[in-house]
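Read off the chains here:
Number of protein chains: 2
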Amino acid sequence: MKSLKERILSEGKYLGNGILKVDGFLNHQLYPDLTMQMGREFCKRLSQHGVSGVTKIVTAETSGIAPALAAAVAFDAPLVFARKKRPITMPDGYFSSEAPSHTKGGITTLMISPEYLRADDQVVIIDDFLATGLTTKALIEAIQKSGARVLGIGAVIEKGFEGGRTVLESFGVPIVSLAVIERLDESGIYLRD
Amino acid sequence: MKSLKERILSEGKYLGNGILKVDGFLNHQLYPDLTMQMGREFCKRLSQHGVSGVTKIVTAETSGIAPALAAAVAFDAPLVFARKKRPITMPDGYFSSEAPSHTKGGITTLMISPEYLRADDQVVIIDDFLATGLTTKALIEAIQKSGARVLGIGAVIEKGFEGGRTVLESFGVPIVSLAVIERLDESGIYLRD
Numbered sequence: 014m015k016s017l018k019e020r021i022l023s024e025g026k027y028l029g030n031g032i033l034k035v036d037g038f039l040n041h042q043l044y045p046d047l048t049m050q051m052g053r054e055f056c057k058r059l060s061q062h063g064v065s066g067v068t069k070i071v072t073a074e075t076s077g078i079a080p081a082l083a084a085a086v087a088f089d090a091p092l093v094f095a096r097k098k099r100p101i102t103m104p105d106g107y108f109s110s111e112a113p114s115h116t117k118g119g120i121t122t123l124m125i126s127p128e129y130l131r132a133d134d135q136v137v138i139i140d141d142f143l144a145t146g147l148t149t150k151a152l153i154e155a156i157q158k159s160g161a162r163v164l165g166i167g168a169v170i171e172k173g174f175e176g177g178r179t180v181l182e183s184f185g186v187p188i189v190s191l192a193v194i195e196r197l198d199e200s201g202i203y204l205r206d
Numbered sequence: 014m015k016s017l018k019e020r021i022l023s024e025g026k027y028l029g030n031g032i033l034k035v036d037g038f039l040n041h042q043l044y045p046d047l048t049m050q051m052g053r054e055f056c057k058r059l060s061q062h063g064v065s066g067v068t069k070i071v072t073a074e075t076s077g078i079a080p081a082l083a084a085a086v087a088f089d090a091p092l093v094f095a096r097k098k099r100p101i102t103m104p105d106g107y108f109s110s111e112a113p114s115h116t117k118g119g120i121t122t123l124m125i126s127p128e129y130l131r132a133d134d135q136v137v138i139i140d141d142f143l144a145t146g147l148t149t150k151a152l153i154e155a156i157q158k159s160g161a162r163v164l165g166i167g168a169v170i171e172k173g174f175e176g177g178r179t180v181l182e183s184f185g186v187p188i189v190s191l192a193v194i195e196r197l198d199e200s201g202i203y204l205r206d
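Residue numbers (our numbering), protein chains in the order written: chain A, 14 to 206; chain B, 14 to 206.
Relax, there's no trap hidden among the hints.
Simulated pairs of lysine-lysine, BS3-like, Cα-Cα distance not exceeding 30 Å:
(1) Lys-98/A / Lys-34/B
(2) Lys-97/A / Lys-98/B
(3) Lys-26/A / Lys-158/B
(4) Lys-98/A / Lys-97/B
(5) Lys-26/A / Lys-98/B
(6) Lys-26/B / Lys-97/B
(7) Lys-34/A / Lys-98/A
(8) Lys-34/A / Lys-150/B
(9) Lys-34/A / Lys-98/B
(10) Lys-18/B / Lys-34/B
(11) Lys-97/A / Lys-97/B
(12) Lys-158/A / Lys-26/B
(13) Lys-98/A / Lys-18/B
(14) Lys-98/A / Lys-150/B
(15) Lys-97/A / Lys-18/B
(16) Lys-15/B / Lys-34/B
(17) Lys-97/A / Lys-26/B
(18) Lys-150/A / Lys-98/B
(19) Lys-97/B / Lys-150/A
(20) Lys-34/A / Lys-158/B
(21) Lys-150/B / Lys-97/A
(22) Lys-98/A / Lys-150/A
(23) Lys-97/B / Lys-34/A
(24) Lys-97/B / Lys-18/A
(25) Lys-97/B / Lys-26/A
(26) Lys-34/B / Lys-97/A
Derived list of chain A stretches under chain B, where covered just means 3 residues or more per stretch with a C-beta under 8 Å from a C-beta of chain B:
(27) 74 to 88
(28) 91 to 101
To be clear, the hints were calculated from the coordinates, so they are not data collected in a lab. The beta carbon of each residue, even a glycine, is placed where N, CA and C say it ideally should be.
Looking at chain A on its own, in the form it has when it is part of the complex:
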């Protein structure tokens, strides 16, 4: 996605330790046009991979919500965002799975209420980053506990060097990234064409 790649190259900053800062258009500030375009692009490209009959978009709070809402608009399907803390409004019997936390080094539990995922749901997962793939893997596992089927996966930015795609390929569904970073170091940010 050209407009996204341009933003990554112009505003992305490498902070060392494999950390790419894209707060200016993904993790702290969002441009409405760019964000809504991400949703249309996920829909177009996953459809080209044969994904159809989507009944739910699922993401994890927090930074997944905006691109996932854009995808929900494009697919015309409700969005469910997995919670990382159990709200007092979430009933027992929720679907959950654990993933290592990016930021804190600990473990994050992703929770989805059984009220909003059913065995006949067909799900597309959207997230901001595909890096190690372990957050997405946890989302897939939580979703599968409901009996719902995952049809496809979309990530705004894939860090191609962290192996996440290999982790997720075992699930046998299309994986679409809107921009893939091949290499990231002091000399710059290198995107796949």
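With chain A fixed as given, assemble chain B onto it according to the hints.
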């Protein structure tokens, strides 16, 4: 907003202790049409109150992000969501303010990077709930530290009996709620006409 009021009456649940559960369309699952309509309604009604020249929409993570993105689309202005934990990507000198936490009884610090709020910004604040008003008040205080001006406030659901409007009226800007709950008890949910 009629479609929102219908959802509140059909899907909202009173859980006791003043807690209204609207996870089905605001805090856990989101309908794309309803959410995007919220954004248009905020824009229309704040404009009717004389709000113009908006350069930023500001909200607090997590549940504010979706309606605020919808408002950002309608106002055609970037969205900045205040963080509750400082990410490693946030530089020193951030604008912050403290609010009592809804869910945990403690204190939440709302943080906005100085990179995404400037003294000449004109801001509309959007949040999911207006209850005690203290989260919105903290957002206003954080924003004012940047020198930016707050032009208006929008909440998806106002709990009219928790006094938040009175707290915020001292800032002298229009406050728009898409649905106002007058009363909430075992007998039902009572909306203002």
